[in-house]
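Given chain A, work out where chains B and C should sit, using these hints.
Protein chains in written order, with numbering that gives the first Met the number 0: chain A, 0 to 355; chain B, 0 to 415; chain C, 0 to 288.
Do not take every clue at face value.
Distance ranges between label pairs, derived from CB positions [unchecked claim]:
(1) A73(C) <-> T289(A): 33 to 43 Å
(2) V195(B) <-> T3(C): 19 to 29 Å
(3) L4(C) <-> G160(B): 29 to 39 Å
Partial pick of chain C residues on the chain B-facing surface, computed with a CB cut under 10 Å [stated by the list, open to error]:
(4) A151
(5) Y153
(6) I242
(7) G249
Negatives, chain C to chain A, calculated, CB over 12 Å [claimed, not checked]:
(8) N55
(9) M90
(10) L124
(11) I129
(12) Y132
(13) V150
(14) L154
(15) K157
(16) G162
(17) L265
(18) L272
I should point out that these hints are in silico values taken from the structure, not numbers from a laboratory. Note that the structure is a prediction, hence the values are computed from the model and not measured. Where is the CB? At the ideal position from N, CA and C, for every residue including glycine.
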Amino acid sequence: MNGMFGQFRGTLFAALLALIFTIAAPSILEFFTIITLTQVIGLSILALSLALIWGYGGILCFGQTAFFGLGAYSYAIAAVNIGGSTGAMFIAVAVAAAFAAVLGYFAFYGKISDVYLAVITLTVSLIMYSLIRRTSGPEYKIGDALLGGFNGTGAPPLNVPGNAGAVLFPEHTFYVAMVALILLYVFCGWLVNTHFGRVCVSIRENEIRAELLGYDTRAYKLGIFTVGAAVAAIGGIFFCIGVTRVTPDVFSLGQASLTIIWVIVGGRGTLAGPVLAAFGLYYLTASLGTQQVVNTSLVLGIILIAFVLLAPRGVVPGIEKLATARRAGRRNRAKERRMRLRKPRGGISEDRHETG
Amino acid sequence: MTINRRKFLAAGATAALAAPFYARLGLADDPIKFVSILDQTGGLDIYGRPMVETTKMAIDEMNAAGGLLGRQIDLKVYDPQSSIQFYTQYATQAAAGDRADTVHAGITSASREAIRPTLFRYETLYFYNVQYEGGVCDINNFCTGSTPAQTVEKLVPYCMGKWGKKVYIIAADYNYGQITAQWVQKYVRDNGGEAVETEFFPLDVTNFGPTIKKIQAARPDMVMSALVGGAHVSFYRQYAAAGMNASVPIASTTFGVGNEHRLISAEEGNGIICAYSYFEEIPSEANMSFVKRFKDRLGDDAPGLNELAARSYEGAYLWAEGVKAAGSVDRMQVIDALRTGIGYDGPSGRVQIEPKTNHAVQNVYLAELQNQSFNIIETYENQPPSDTLLVCDLVADPTQSTFKFENGLKAAGIDI
Amino acid sequence: MDLTLSLILQIFYVIANLALISLGLAIIFGMMRVINLAHGEFLMLGGYTVVVATNNGVNLWFAMLVLAPVVVGAIGVVVERLLIRWLYGRMIDTLLATWGLSLFFIGIITTIFGASTSTTISPPLGVVSIGEYTSSGYEMLLIGITAGLLVAVYLVLKYTALGLVARGTMQNPDMAAALGVSTSRIYMITFGLGAAISGFAGGLLAPVTGVLPTIGAIYIAKAFITVISGGASILAGTASASILLGGINGVVTFLTGPTLGEVALLAAAIILLRFMPTGITGRLFRKSQ
Chain A
0 MNGMFGQFRG TLFAALLALI FTIAAPSILE FFTIITLTQV IGLSILALSL
50 ALIWGYGGIL CFGQTAFFGL GAYSYAIAAV NIGGSTGAMF IAVAVAAAFA
100 AVLGYFAFYG KISDVYLAVI TLTVSLIMYS LIRRTSGPEY KIGDALLGGF
150 NGTGAPPLNV PGNAGAVLFP EHTFYVAMVA LILLYVFCGW LVNTHFGRVC
200 VSIRENEIRA ELLGYDTRAY KLGIFTVGAA VAAIGGIFFC IGVTRVTPDV
250 FSLGQASLTI IWVIVGGRGT LAGPVLAAFG LYYLTASLGT QQVVNTSLVL
300 GIILIAFVLL APRGVVPGIE KLATARRAGR RNRAKERRMR LRKPRGGISE
350 DRHETG
Chain B
0 MTINRRKFLA AGATAALAAP FYARLGLADD PIKFVSILDQ TGGLDIYGRP
50 MVETTKMAID EMNAAGGLLG RQIDLKVYDP QSSIQFYTQY ATQAAAGDRA
100 DTVHAGITSA SREAIRPTLF RYETLYFYNV QYEGGVCDIN NFCTGSTPAQ
150 TVEKLVPYCM GKWGKKVYII AADYNYGQIT AQWVQKYVRD NGGEAVETEF
200 FPLDVTNFGP TIKKIQAARP DMVMSALVGG AHVSFYRQYA AAGMNASVPI
250 ASTTFGVGNE HRLISAEEGN GIICAYSYFE EIPSEANMSF VKRFKDRLGD
300 DAPGLNELAA RSYEGAYLWA EGVKAAGSVD RMQVIDALRT GIGYDGPSGR
350 VQIEPKTNHA VQNVYLAELQ NQSFNIIETY ENQPPSDTLL VCDLVADPTQ
400 STFKFENGLK AAGIDI
Chain C
0 MDLTLSLILQ IFYVIANLAL ISLGLAIIFG MMRVINLAHG EFLMLGGYTV
50 VVATNNGVNL WFAMLVLAPV VVGAIGVVVE RLLIRWLYGR MIDTLLATWG
100 LSLFFIGIIT TIFGASTSTT ISPPLGVVSI GEYTSSGYEM LLIGITAGLL
150 VAVYLVLKYT ALGLVARGTM QNPDMAAALG VSTSRIYMIT FGLGAAISGF
200 AGGLLAPVTG VLPTIGAIYI AKAFITVISG GASILAGTAS ASILLGGING
250 VVTFLTGPTL GEVALLAAAI ILLRFMPTGI TGRLFRKSQ
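In isolation and in its complexed conformation, chain A is listed as follows (with noise of 0.2 Å):
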């Protein structure tokens, strides 16, 4: 018990980090690094729904990018048709959440798991990436808005509630962004330290065990499935804010692989190291983007495959396993974690070849 509330203390001092840095963030960075903060937190917040469903629910749902994009066109079509951003919002969230109640039915009472999840996920968003993609003609359109096709459309900015006129200023958006990337964080946090969550946890664990401790595991798949499909929707809708435009590249394979590496480079079992991962890698990428010396897939490859040789368990659960190590004498608490790290936690059995 001790050791749950203190995860939960652990999130609101990461939390606290992340108000301080916004508050002091127009002191610290460039007005143009501000601005274009607003898409990066959109695709944190992505990182930040796999780091839920897959680290603490076991779910390895290689298709998330689904409920991102739906949440990104949901809201980009509902804020033209309603003229304003506010109820856009609830309206994109909603449509995500519902999709994967629709999906997660479909697939967790279907007992679909492992490997097969993942790819049923992800060949739905690449359905989504197919079909958003044959809607170029004027003749594709829902109300006012524009599907666009390959070109996609264009996103709203956010306005004040309840005054479409008012529209908020990129620098303002960044505070916005931030703010429901915070509360977010700190959602997480808390519903993983609920009985909820730690159900959610002991079938991540061993889901026959919990299944015969009386709990329907299918229930509470698709219930932390659903509420990690919101939380990417809300990604999706910064991103696109941010970005100023949504394009069928939100449901791409690239775009879906990507948010799973966000999740192993920072770490599975961790909220805040995907989060930071996602930050990380858009950061590298872009300042590679700005250099003429040497081709940017080539470096960033380098860069991947030297990341999984030598930070195996990803960043935070590196270095809280350095914390750990140091604290000498509780060589137990150690040992425990580091054995509570070792397991499993993705859909696909690593047992197989532990020998080889």
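Relative to chain A, chains B and C alone:
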């Protein structure tokens, strides 16, 4: 509390935004800042890389000749990696961070539409040097590439006269392909022909077998292609492999701009007729010198030159002509100067800004592919951007910043 | 009638194409549970081998049938020794590693050859006529080669000592190791073989689709879905999933167009996995290879 804080933040941010613009005016001896944002990695690199090379060549030549207004030009190149989110990132960085004097950027219309509003808002001059569907009506944005009405209007009647009146249209499934197909249908009809079928393909399709069977069943006199990108190159190969290139010839306004004519073999490509405002093979002295300088610069690795690459070079020079005429790099002064009918005589011939649309009046060439190189067969000089002219008049209203064809032609009031 | 016949051939070709691009991935995934996100780049490297070799005067058939699999197979072995073997026991991390690998290959090929490479190859063998309709003779040959490749892999797995050991390692690596099999060596050979078959496929497809450094992205999603839909058995899985998904894709593409053809393929995969959650061969043909 929220409102107070928001007001406080708004004031702070406005100050942060305003300060650099005062600074911009003071420093006359600093280099002029020229930013280029073009994809050099990812799927669009086949277009972006030659464009970056010619831009670099233009700036190097200008600097070697003493720069502009006695100042050197500092070229900064960003690689958005075929990803829209990095276009927004770099455009904001160029405008609000680097405080660029001009930004030459964008390949797809999606990328242009992601950055055009940003550059307009931060008052940064913007050049888009790519062949596209037309319809941008923006005082701050000069679109120097050819548009479908310019090329299709010449290509369709020429090929119908040569091959026959039944046309099968295939096009990439996005705004550019859709609008180009509409112009093809119009000119086919205007010239007494029939468009038997119009088919659209997502940009990642590589298997054209079913379509080739459909073309065989429809028995057209010619195929009009507006296919785009690396995957679509497969069409020309599979078409030839089915023996179709011998019986039903192909015309295109998009073949060659992604180096397609060198990605397929000579036998597969022979006889394809294309229309652009530039071909590497234009026999003028200006062009031969341009091609030679480019090849000397890059040696054996030099990519093929096409409209996008040549226009990036000419776009940089066109901007330089504007700066010279204005005697300043100030955005509004350069815009006004460019709209007075200034032109640049480059490798493609004369390129001149048409003031109602901020688009270019340019030459259009028809060429036939033989042995992986184009033979120029027709030249039409000084073609106006007739499609954009139908919907845009910046002389009457110079405050506009819209993209009129985003919704297709009909929504813009063009009924064809 | 002629149209029907030539359409059936066309659908066979779509199926063969799908099987060809998936088989290398199926071997690596089926035997090692490594999700190889650089699979598309192995195909691309096969294509580049053929284009570069023929541009330097090598015979096209030799380049396609011998050079491409050998070169890419060798690259596969190097990749396995330098990278993949450190990741056994943490299979999810291979996603990240192979994603990095895919970017690395695209980057290095672009750096060496530029964003596009001139070619002179075109599909050999001319044209096959069925009444008024013509098809590419080479595409017909590809159907045959794919069938032959599937049979060859089957024979290797079923009747050779290597195949026996490989199947044993796949079923129970601990037991195989206890019996004196060097599982490390088996994994190296498997990965090399998977890469070689991908290179072979990429080389064969080069005359049909051409090559670009970024062409791999086009194949990877389809290959991945085919392999998972196929289920645990490499050969029967790949073959049955290719027939089902390729058939649906071919028919729908002809009836409506390429987008819905793609969507039909993906939707079929979802429905398939809903009712056979472990893939086709998880439910049917359990004993097959």
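Requested in this report: Could you work out which earlier hints the structure fails to respect and list their numbers in ascending sequence?
Outcome: 4, 5, 6, 9, 17, 18
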